[in-house]
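Undergrad: Each chain, letter by letter, is given below.
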Amino acid sequence: MAKKVISKEEWNARLAEVQVDRDDLNKLIMNYLIIEGYKDAAEKFSQESGAKPPVNLESIQNRMVVRTAIQRGHIEEAIERVNDLNPEILDTNPKLFFHLQQQRLIEYIREGRVMEALEFAQEELAPRGEENPEFLSELERTMSLLAFDLNGPSPVSDLLTPAQRQKLASELNSALLLSQSQEKDPKLPALLKMCWWAQQQLDERCTYPKIKDFNKAELVMEPMGAVGGGSQGSSSSAVAGA
Amino acid sequence: MAQRENSRGTDRLTHEDHEADSENDTSMVHNFIHAVRRPISRPPTTIATSSSGASSATTLTTAASSAASATSVDSVSSAEVTLTRPIDSRMSDVEQTSLNVAPSVRHYPQLPLRTAQNRASQQHPHRQGAAIPLPEREDSSRTRVITFGTLKKASMPNRASTLSPPSIEKHSVEKTDKTELSEDDLQVRYTGPGKADSDASAIRANRPIPPQCGVYYYEILIKSNGQQGYIGIGACNANVALDRLPGWEPLSWGYHGDDGNGFEGCGNGRPFGPVFTTGDVIGCGINFRNMSLFYTKNGIYLGVAFRNLKGPLYPTVGMRTSGEIVEANFGQREFVFNIEEYVKDEKMEAWQSLEDNLQKEAASKNQVGFLSQNLSKLVLSYMIHHGYSESARQFASDLAPQSSNQKGHGTHGSSEFDCASMVQDTERRKEIRKTILSGDIDQALTMLEESYPGITTSNEDMLLQLRCRKFVEMVSSASSPLRALDKQALAKIPKASASADVEMQDQHEPGRSDSAMMDVDGKPSEINVIVNDGAPQLEGLGLLKNAIQYGQFLQEQYKSNRRSCVKTMLIDAFSVLAYSDADSSSGLGGHLGSKAVSREKVASTVNLAILASQHLPTTAPLETVYRQATVALSELTRQGVGEAAFFDLNHDLEYKHL
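Protein chains in written order, with UniProt numbering: chain D, 1 to 242; chain X, 1 to 658.
All the given hints hold, so there is nothing to weed out.
As a list, the in silico DSSO-like pairs of lysine-lysine whose alpha-carbon atoms are at most 30 Å apart:
#1 95/D - 344/X
#2 4/D - 365/X
#3 601/X - 430/X
To give an idea of the chain X side of the interface with chain D (calculated C-beta under 8 Å), a few residues:
#4 372
#5 373
#6 375
#7 378
#8 395
#9 622
#10 628
#11 632
#12 633
#13 635
#14 636
#15 639
#16 653
Simulated from the structure, these hints should not be mistaken for lab results. Here a beta-carbon is modelled for each residue, glycine too, at the ideal position from N, C-alpha and C.
Next comes chain D alone, as it looks inside the complex:
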């Protein structure tokens, strides 16, 4: 059965009909910045866009400090900060704590401190891995970093990307928000997820201009029977990343 094809023209016409309210999007951005703890950016954004921050920006200061520490690779500092804020957070969240320790290990490896990395893995991480098989496989994956050239491509090179730190920073941020009984999920990811989901569902049913690379959000019409045809150009290379 041939799939229905929705032409680029028709699709574009539909896209053009969608009302997008700049204020609404600004609010989404603001919500994202605040929940993710980007205090300075939220402040600037509030000034420039006129979007009002729904909370006192000072209240996100602590979270921002923790986030910055993680993003800089200063994991120990982040752990100390979190424990200062609320020691229960890490006590009650072994998975998060494991991820922090894992990141510490990654940072050791990144810095070429191999002996320390091994020691740390054996003393701190391995015992936790024994408790939880999921942790163990993550630990093994992390350790395999040692087997590859850090600067070259490898199956585990994603662990060295900023995205890995960001993911951890977000996880920790969510835990902090939860401990402050604040809303923990920004709304913006939901938008992306819905878009992704709707496209996935639609893929089974018809051919239409699709967003393949969510960074650039360029619409690509899938050529019949081909995967990632010429029209896509370089747009997917960015997302492939590391």
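With the hints as your guide, set chain X onto chain D.
TA: Then chain X, alone, in the frame of chain D:
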């Protein structure tokens, strides 16, 4: 009840909306949501007084609207039930009766928001019973009087009507004789012999439930168990014989009160739930996310009875022994079961399954934070696109803080967020925009050429727009000092269009031709100003001279251009001369708008031209994602994907409450 209807009505969207939209509306999901908030003005559903006994049919409809007959994810829809039945032999006209296979519970979507007229009619449901009998799309009026004749006609073209196969037609009269409607429009009473299984009679809605509703729910109150309580409740397809209880036939699913069994396409049931009898309220819900059917009893969830249902599905109720009476609640009253809670749970499930899929996808791509890693970039590009440059700079540095001990893949920071040049570009665009918004078009033109050489020559329309704006600005700046003068005298000024002997002064325009006559309306006339003493008016006159001179230049430049949009733009610009106050003029100047609006328009044209010249997207990627999500979801809905109902941009993003 009427009060409740009114208040809840605003929160509901109905199937009718939904279904109708699904065919034509490109932004269905959107409408779906908006419908919740905006008043819908549609032709009121005319409620025709049901024809009385004389008309040979008792047609009763519940104009159900309130609590939601059908529950869709965000909007619990309302529905209408029309129960029709021929009551006397005068209806034996085969053609007519054939279409009314049996008394049918007609369910269909309805408007969420009632017009006043409609509301009023609902307050007297007994007086005015019937509503839309068959809302097939062909009928635009949605207004029908229900009699048998019209009903028949209406059903004819309906793609999924109860247009019956011949075998059923034969029995239709018999079957309709086995049930009877009560006066309050909602009750169905079994009146057949009730001796054997062949005496069964089912009632079916004449219209399928649109899967786009996500979850559909209705309740049946057992008013009387009758002799045996052989009552079946469920759903079936269009062509299922109606002389059988729900579930006995293929493509039919039913839960029976006498034994509590669930029947799925055959006469042998299997144990499902408790028996039910007089006084019980049985709820029947269809979940289009996974095509399952669940039941409730007296507000208690009994669980999923059937899976893998196949549509199109119609609500159905069947009875078999005498004295059985049931009453339907399609949402005209509050449901006993908390369907809203159920929908909420389902929605969470839908999100969970989305998240699971996402995890799988991320794992298969071996990407950490698939999607979420795009987020920060979308935010950044959004800021850059809209010229929030300080925010962009700050956010970029927040994302990739300089790290002393970063080695290895440290290059990522710069390559992914190499936004220094973009921010710079943003700043330039912002400056140009600011300049245009301040009205200094000359300065903006200079800046444009400096920052983006060649852009004005390669964008004729943009250049013309800027020039026209410049002209308007010139006239406008001339008019304010002049206005300070005798207003009566001034009133004449703008009527003038040109003067032949204006001194040329202060020409900014590069490459302008020399003085040329400008003729707006074919009749050059003199500026007829009563010049009083005083500086302001002299200044004003000087400015006006300049403006007119510039106008002449424009006229000359574009006189050979035959493109209609060019002419339109010029005429629009020159029309400001007709007003004493160039920008605050309303009237004809409506297309010019206020000063701020017209400047903004020019600024936005320029911004887009710059973006295009830099090969940057003209829409912020985040906005494209938003549009894409909206359109993709509505396309899914249009294609009848029930699960799409669980994802709702407006509701899920809740930015209204941020």
